[in-house]
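Protein chains: 2
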Amino acid sequence: MKNCPLCSAAGGVLVAQTSHYRLIRADDASHPIFYRLIWQSHVAEFSDLSVPERLLCMEAVATVEQVLRQQLPPDLRPTKINLASLGNVVPHLHWHIIARYDWDNHYPDPVWATARRAPDAQQLQALQAQLPALDAALQAALAALAA
Amino acid sequence: MKNCPLCSAAGGVLVAQTSHYRLIRADDASHPIFYRLIWQSHVAEFSDLSVPERLLCMEAVATVEQVLRQQLPPDLRPTKINLASLGNVVPHLHWHIIARYDWDNHYPDPVWATARRAPDAQQLQALQAQLPALDAALQAALAALAA
Chain A
366 MKNCPLCSAA
376 GGVLVAQTSH
386 YRLIRADDAS
396 HPIFYRLIWQ
406 SHVAEFSDLS
416 VPERLLCMEA
426 VATVEQVLRQ
436 QLPPDLRPTK
446 INLASLGNVV
456 PHLHWHIIAR
466 YDWDNHYPDP
476 VWATARRAPD
486 AQQLQALQAQ
496 LPALDAALQA
506 ALAALAA
Chain B
366 MKNCPLCSAA
376 GGVLVAQTSH
386 YRLIRADDAS
396 HPIFYRLIWQ
406 SHVAEFSDLS
416 VPERLLCMEA
426 VATVEQVLRQ
436 QLPPDLRPTK
446 INLASLGNVV
456 PHLHWHIIAR
466 YDWDNHYPDP
476 VWATARRAPD
486 AQQLQALQAQ
496 LPALDAALQA
506 ALAALAA
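Chains A and B supply the protein sequences, listed in that same order. Per the numbering used here, the first sequence starts with residue 366, numbered consecutively. Per the numbering used here, the second sequence starts with residue 366, numbered consecutively.
Incorrect hints may appear among the rest.
No copy labels: a pair is met if it fits in one copy or bridges any two.
[Stated by the list, open to error] Taking lysine to any residue pairs in the SDA-like style, the calculated list, with each CA pair at most 25 Å apart, reads:
hint, residue 1, residue 2
1, K445, N470
2, K367, S384
3, K367, P473
4, K367, Y472
5, K445, V416
6, K367, D485
7, K445, E424
8, K445, C369
9, K445, Q495
10, K445, M366
11, K445, L420
12, K367, A498
13, K445, A483
14, K445, Q487
15, K445, Q431
16, K367, N470
17, K445, Q488
18, K367, P438
19, K445, Q405
20, K445, P484
Source of the hints: derived by calculation from the structure; they are not laboratory data.
Generate coordinates for the entire structure from the input sequences, incorporating the hints supplied.
Encoded structure:
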């Protein structure tokens with residue numbers, strides 16, 4: 366699709382992909398554990414997918430969620446996982462998968478709200494240090510799902 | 366679950382329900398076409414569901430989305446559907462299903478962001494007038510899905 370930024374570029378750090386979807390890591394300074402599951406074909410809405418495609422898509426989203434819940438060390442376990450398919454700005458189906466923490470600068474509001482507090486540099490650095498291992502675990506889990 | 370507002374009350378205008386989930390209409394003055402698909406059991410995260418439960422849940426979400434896309438008269442067709450499972454405030458699994466319009470007071474930002482403009486009273490009134498027919502169509506579509 367011409368002029369669609371998710372058709373013309375990966376949209377972030379590419380972590381894994383199949384012919385149906387790809388997982389990228391977004392670059393969000395306040396929320397380092399922020400991934401997007403992007404459907405490879407250009408469709409706007411979740412209900413544009415067929416039933417088997419929806420199942421495939423959401424099992425990939427659930428797999429990412431499970432890795433975020435299970436892979437991190439106990440003191441960095443997310444308080445909550447946030448999932449969202451919005452697409453108002455880029456109407457190409459993509460799921461935001463975000464690990465939220467009770468100390469993050471928007472919590473308990475959505476990450477799109479006005480921040481409630483300053484970012485916690487030390488905690489953010491601890492999360493940043495986990496990203497290589499987390500990316501590797503996500504890659505392995507999605508490869509197992511697709512196998 | 367004690368102290369969970371979605372275990373102790375419907376959480377909005379009850380539109381339809383099965384033993385697994387219920388659909389309620391939220392009361393959002395700026396976004397009248399705002400529904401929530403609430404899982405009946407108290408689980409916090411989407412990945413707490415089994416694979417068949419996830420399929421059931423997301424087929425219900427997709428059914429609601431399809432009705433919102435198809436049921437409204439052409440001049441009131443949503444610009445975009447927004448789906449989200451956040452649960453930071455109430456960690457009981459529920460999906461927000463929101464019809465968005467390019468004239469709504471947050472568009473293209475998520476509804477949780479700071480409003481960009483004043484609400485359009487005339488358009489909102491036109492949407493409000495559609496709610497009884499929309500609720501009935503949703504009820505019928507979810508009954509057909511569960512049949």
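Comparing the hints with the structure gives:
no., hint, verdict
1, K445 / N470, "within (14 Å within a copy, 28 Å between copies)"
2, K367 / S384, "within (20 Å within a copy, 45 Å between copies)"
3, K367 / P473, "between (37 Å within a copy, 20 Å between copies)"
4, K367 / Y472, "between (37 Å within a copy, 23 Å between copies)"
5, K445 / V416, "between (27 Å within a copy, 20 Å between copies)"
6, K367 / D485, "neither (40 Å within a copy, 32 Å between copies)"
7, K445 / E424, "both (18 Å within a copy, 23 Å between copies)"
8, K445 / C369, "between (31 Å within a copy, 16 Å between copies)"
9, K445 / Q495, "within (17 Å within a copy, 35 Å between copies)"
10, K445 / M366, "between (34 Å within a copy, 18 Å between copies)"
11, K445 / L420, "both (23 Å within a copy, 21 Å between copies)"
12, K367 / A498, "neither (35 Å within a copy, 37 Å between copies)"
13, K445 / A483, "within (19 Å within a copy, 32 Å between copies)"
14, K445 / Q487, "within (20 Å within a copy, 38 Å between copies)"
15, K445 / Q431, "within (11 Å within a copy, 28 Å between copies)"
16, K367 / N470, "neither (36 Å within a copy, 28 Å between copies)"
17, K445 / Q488, "within (16 Å within a copy, 35 Å between copies)"
18, K367 / P438, "neither (42 Å within a copy, 29 Å between copies)"
19, K445 / Q405, "between (27 Å within a copy, 19 Å between copies)"
20, K445 / P484, "within (17 Å within a copy, 31 Å between copies)"
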